[in-house]
Amino acid sequence: MFDFPLFSQSLSRRDLCKVALGGTLSFMLPGFDLQAAQKRGPERRKSVITLWMGGGPSQLETWDPHPGTQIGGPGKAISTVVPGLQISDMYPLLAEQLGGMSVIRSMVSKEGDHERGTKYLKTGYRPEPTTVYPALGAIITHEAPNKGLEIPQHISMGNTQFPARGGYLGAHLDAFRVPDPGKNIGNMRSGVGDPRQERRLENLDVVSQAFRRGRTIQTKKTLHQSTIDRALTMMSSEQLQAFEIEKEPAAVRAAYGDSPFGRGCLVARRLVEQGVHAIEVNLNGWDSHANNYTGHQTQSKILDPAFATLLKELKERDLLDSTIVLCIGEFGRTPKINPLDGRDHWPSGFSCIVGGGGLKGDLIIGETDPTGKEKDPTEPVRIQDLYATILQKLQIDFTKELISPIGRPLALSDGSPIAKLV
Amino acid sequence: MPASARNWILACLPAGVVALVISLVAWASSSPLKKTEPIPVLQNEDSLTRTVDQVDQFFTQEWQERELVPAAEADELTQMRRLSLALHGTIPSLEEIREFQTMSGDDRLERWTLKLLDDRRFADYFSERFTRAFVGVAQGQFIVFRRDRFKAWLSEQIQANTPYDELVRKLIAGEGLWTGDPETNFITAAVADGNLDRNKLTGSTVRAFLGQRIDCAQCHDHPFDHWKQTDFEGLTAFYGQVEVQVLGVRQNNKLKYEVEDRNTLETRTVAPQVPFLNECLPEEGTLRERLATWVTHPDNRRFERASANRIWGLLFGVPYIDPVDDLPAPTDLTQEAPKLLDILGQDFRENGYDIKRLIQIIVASKPFQRSSSTDMVDAEEIQRATRAWALFPLVRLRPEQIIGSMLQSSSLKTIDQNSNLFMRARRFFSEIDFVREYGDLGSDELNDFPGTIPQALLRMNGQFARDNGSASPFNSVGRITSLDISNEKRIETCFLVCLSRPPTAEELTHFLKQYESASNQKQREKITEDLFWALYNSPEFSWNH
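Here the protein sequences come in this chain order: A and B. The opening position of the first sequence corresponds to residue 1 in this note's numbering, with each subsequent residue numbered one higher. The opening position of the second sequence corresponds to residue 1 in this note's numbering, with each subsequent residue numbered one higher.
A portion of the hints provided could be inaccurate.
[Stated by the list, open to error] Not everything, but these chain A residues come out facing chain B in the computed CB check (under 10 Å):
hint	residue
1	A77
2	S79
3	D113
4	R116
5	T130
6	R189
7	L201
8	N203
9	A210
10	G214
11	Q218
12	K221
13	Q225
14	A231
15	K360
These are computed hints drawn from the structure, not numbers from a lab. We treat Cβ as the ideally placed atom computed from N, Cα and C, and that holds for glycine.
Same shape as in the complex, but just chain B (with noise of 0.2 Å):
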């Protein structure tokens, strides 16, 4: 090779590095789905209208019953970002505002809902808030259980819209690794130093598809429900027969479930045996495959009515029956009408225990739809309005709602898997940090408490709230700062970005004049920061209303 055209090649050898890093880091970066889907026609779903209708017409026999004026319909704004709260775990973006602002129709929420219910954020959300209620956020044991696995496996299910009943059953009687079939971390949560705690897992069972506690009587009959000590007994021997083993989550043919009774201490076995609806237990199958079976029966009303309050507390924050894994025994339907979770169960099991058409029917009926806010003055008529829906309570967003949330408004554009990998990556870690920091709720994340004095800390000078809330060229406040547009617009900006909706003319005075006053961009800036700080840290920002 000549020596020029090797010097040549010297040359050209660092661009060409440089160009390959470049291009490398693009393609990494480029999402590998395609950019926006495009929204949802409505079907005519003539079944689902009917529900909704039904679902209507009790609350409004209710409300009219108890003699309560229901909330007037909160605006379209304020519903937006109810469903992205619920779904996403994130308020709306700007650009999704600017989206659904150029939609028309009076069917845009409905069809907004269906956008939000296909995107993969959809699944990632609510993947999170299954596995809290089946396995709960423990780690659990080193090796054995794989929660993340878990996690990405429901994801998965809930993406491809997996019937419900399927689902449960497939996490009752799974078998295999817990890596490779990773819905056995259902059983193999419940490993604790080495041994399988039978006890828990029927526990979890019962409380998270049949929404009852019958743990009490894990050790005596329970206080003042009808379940007794035997029934607990009876329900674990169904999980008697299972191993887990080198090779996974095993059947075992050969155990007998063993008991040791508290009194004389001695051991005997204990029989399969379900506590009430008998006849819905199979006769084949594993002892596993017929629990599954017995307890997604279509028979068995305390399933699909679990399902009910559950989803509709994922969607509200409080379930419909709080706690929302203890609700009272169905009611004899010949006899009684239908109450909500009736209703609403009905049409789960009709339809295919389908979760997104729940979810479709429970935020087009009423009480998803009323506004929080009311002219009444009494505390007493609230309360009643309130537990009665005819008033959309206001709920503290968990810690990944108000991370989530804050990692939006600190973008412009949307962040979801067609985001850049350096702004999921972000989101990623600071949520890990920000949850851990603010304090997870765990499992009871469907309970009511108010905030803490380290959360409000962390939300005024944390750290994350000082990178987020600091202009830059990359972020929101920045962005905003720097826009040809005028002061108004930037106000209006803001409040949309981080409160989804525009400021009233009193907020609209009072940061005019603050802008009007800066002489300078830096001044501006530290405006913008401001505002955003306040924004940021006002009770409307951190509830659901």
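Excised from the complex, chain A in its bound form (with noise of 0.2 Å):
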């Protein structure tokens, strides 16, 4: 099942010795790991790393602040190292960290419904009932497994009722769920000793060929057998390690703060080390129909700090080249305050930071209206364009198209790539 690495920048367990000493190096001494960076070049396959904002963020209190009008409430606006780039005060931290980042400022879907848009965003295509789409996760590691990997190549970290899906490119394609990142690995562990684990393996050996018998064609097909096979594999892999936190010096990992979320960051960055291509780190608590001012303080005060610090450490490992990060929710929220102090579901002009894996970087990407009368923003961007984009710098061929179930053609993404960030 586990072919020797196919593609030359897989890493040996020396490199990632090596990668691991020099990553924690440079953490202390930034611009110290050229030699990695050599090493590494830029063939290395990018991966995806989406921080997921489940429940709609609003943009007017992150990404878009519009201070001192009437829409923009009692927000205020904080310059960041991105020329002309403004965003909400509650997130000092991460101003800091956005350079080579961009914000794109109209993102326009149909659907304001969670589900229907949580399913949207993370495939790329609206939801219909008859057809499950793949999430974006899905569609990378059908189009481009990293054969080396001993560990799932598609990983979803932290709680969220709608996980990506492998949709009709098959359950073995379903996000791998990590409910709580850096705390427990608990299935990933044999509950007993080497001695009796090979006892229960023969045991299991002696009942499967019983059953095998008169049905060895159907049983393989089951792969249930392959299946446990490569459990058991991941069960002993020495690339299970990058779940584990604990040997991460305790400064690093304060400054990702102690959220399943700001782990689950800090895990996202030592999966892309291992080279695991898609990575889905969620932060639920977005749905901000009351109070919607108080919720988002107490929101960046998880984001902000996990969110730079990757952003940080990605750039200081020289991963921010191979490594696509894109933080985005299901919708935005009305410009309107309503009587709750809240903002409601806004499917039009909502907001999302996108960079690193080679996209042009320090960009500002359309424009909401200050009044809240335009509902439309300038330069609308589809949902399917931003994955169409993403597709096209991981070098996957996103128009084209694979039989669905019901034997419908179906593009990976309908979208095309947006010009200012390829």
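Build the complex from these two chains, which are given one at a time in their own frames, with help from the hints.
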């Protein structure tokens, strides 16, 4: 199942030690790890980290503030290292780290419901009852599998109601879920010592053999054995250490923040180093129908340190060029503040941050109306266009058509890349 | 009161409280129902047998024409396991296996089927399956949608054996509050973002009850079927006068169904119309009542065919025609011989749309009784036989079936409504947790997916598997270890409990060796734990076969 690494850029254990060592040192002495950078080179396979903001964050309290206007509410803005880019003042750490990243302020969707919106935003296709579309991570895993990997390539961290699915590409491409990243990898460790585990596996062989009699071909097709083998490989894999953050310096862990999301971002960085190409870190709690402003203050205290440290570390380790980072939720929030001091669902003209992985950076795309009267932003960007952009940067032919189970040819994405970004 | 009497009372008080608590717990954990149902006696049902013969004949001819030799008949315990998994979502308990083994007569499987159908577990398990087909698994819009109430209502209907056509009419035309009249949750499930999504209602009505996918026609004419966008709009117009407001689901005759033309962007009113069988549409009644009558009209053969296909799917794990909701149009029976769905559908219609009867017919006919093992070695040949139902298909169990089976095998007694509160609560909560972690199949549960790594990890190392597989005085692992029986009997019991079959000679030898090397109780316990672990993780445990 696990062939010798097919890709020259796959890391050996020794390389990993070097990366880990270089990485650790680089954190203390920025700019020291030139050699590691040379080693990885520009041909490194690209990864995508999606920071998923479940519930739909308000663009006005994040990346598209309109301070001093009626729609801006009590929010203030601060300047960032990107010339001309102002974001909410709730993100001071991030403001320092946004260099090379871009903000799109004109995302437009047609789905104002959490479930439908999430499905659209995670797959690039509007949901429909008869087809389950694969999530971005599943597409990447399907089109560009990393054969040298002993752990899953598509990973979702943190709790989420709508995890990234393999859809019509198959349940084996569902995101591997880690509900409490950095803390508990429970199911990945056997509960008994080696000699007993061996006896158990021997027993399993004996029992399976009886069943296989007369069903050799059918049982092979169930992939039962191969799934168990893959799980066992994973259980004994050194790569599993990517999930363990105890050995990270205390200062690093503290910088990310001791929240499931902060730990998830740290694990995400470690997974990228391990060659995992599709990672999702979930942060729920953005559904601010009431007390929008204070809600965003609470959320920003989790998001700001984690996101900022992630970008900082990726840059220091020379990983940002090979890692696309996308921070987005299912929709934005109304310019109008409701009587509960909240904002309601707003799928038109919401914001995201995207960059790295060779995308053009330091850009501000689209503009929303500061009076809130115009519903549509300038330079509208459709969800599928964002995915077409990302897939193109990953050198995946997004126009490629796959045949869905009902026999309908479907392109990986039916969008077109955003010209400014590629 | 004299001091001595007061002291006496004080001294007795704690004991009194303890006694009260014990009796309360005992009362609460005892079942309100009577202990075991007597095994039903089979009525000599000629018409049912006739339909079974007709189905068997259909397949015999099919197999002959395709030059297929059907697999041998599966042994009774295997069939019993299939029945329990299909009807109760668990494997049979040791208690049930023993009970079955004491029964005599050639018709004992048929009688056993009736017993399973009468058991409340059947209604509870099938109501979840129907709920998925009708409203999916989403929790829907908070407040106006109560999935739990809907499921409980369906369970009541199934238990009472409400005719299926009547049940469907209630779903489509129901009125009232989603709490008091839970059938209306079929309508409110389509509320999203504060609005009733009528297109969604049309799509699910046609998919769930008529076995047709016309969702594509919502935006354009169907690419390769004959559905037109106007068909979709016309059907949706039947939902045009339904309103969801504080008083629940209501009819509002003033409402007009309007759509925005995608080309001209002008709004136009759409009149309700059906895409076929116009003569089955009644003149009288509200729009939804008329639609409900049309959908379930005896002449609307799509209804009975779709129902038969879905029930077949729930029993085998795969529908007769896959996908379950995309059936070919019915053929003209005056020109062509009836196919399987026509035979089953006709019996269903002529016998009051009786779900239990339909199930009895399917499980009594040849395909359900075929073995899943064969002498064939050619992959293509095997696939051909499986597709023609000459070989029982291997189908992955649903997460609920896996957890249900793991729980059942951890207890030697049957876990049902007669079990104590603790056992039932454990089953309830374990199921929710496990299904969430295992990955719910949602409404795609009749699709064929292979297992995943996280699932294998959960079965091998998960907390639930650990608890279940570690010996305790209360679970089978502990009980089987400590029972004063021979090692052979011990191994046999483990196999019966987990796989519903006795061990093979090789298996017996392998595990006997292990037990014989054990010198004390502790070691024996570990051997039983490791044996259970192997059984839980074997393909035989997590696949229907």
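Results for each hint:
Nearest Cβ of chain B to the Cβ of A/A77: about 30 Å, over the 10 Å cut. The hint is violated. Checking A/S79 against chain B by beta carbon gives a least distance of about 36 Å; that is not within 10 Å, so the hint is violated. Nearest Cβ of chain B to the Cβ of A/D113: about 4 Å, under the 10 Å cut. The hint holds. Against a cut-off of 10 Å between C-beta atoms, the interface hint on A/R116 holds, since the closest Cβ of chain B lies about 7 Å away.
The beta carbon of A/T130 is positioned within 10 Å of a beta carbon in chain B (closest approach about 5 Å), and the interface hint is therefore held. For A/R189, the interface hint holds, the least distance from its beta-carbon to any beta-carbon of chain B being 6 Å, beneath 10 Å. Of the supplied interface hints, the one on A/L201 holds, with its beta-carbon coming within about 8 Å of a beta-carbon of chain B, less than 10 Å. Because the beta carbon of A/N203 sits about 3 Å from the nearest beta carbon in chain B, less than 10 Å, this interface hint is met.
Contact between A/A210 and chain B, as hinted, is supported at the beta carbon level, the nearest pair being about 5 Å apart and thus within 10 Å. Taking 10 Å as the C-beta contact cut-off toward chain B, the hint placing A/G214 at the interface holds, the least distance being around 3 Å. This hint holds: A/Q218 has a C-beta 5 Å from the nearest C-beta of chain B, less than the 10 Å allowed. The beta carbon of A/K221 comes within 8 Å of a beta carbon in chain B, closer than 10 Å, and the hint placing it at the interface holds.
Interface hint status for A/Q225: upheld, as the beta-carbon distance to the closest one in chain B is roughly 7 Å, under 10 Å. About 4 Å separates the beta-carbon of A/A231 from the nearest beta-carbon of chain B, less than 10 Å, and the hint is met. Evaluation of the A/K360 hint against chain B yields a violated restraint, the C-beta minimum of about 35 Å exceeding 10 Å.
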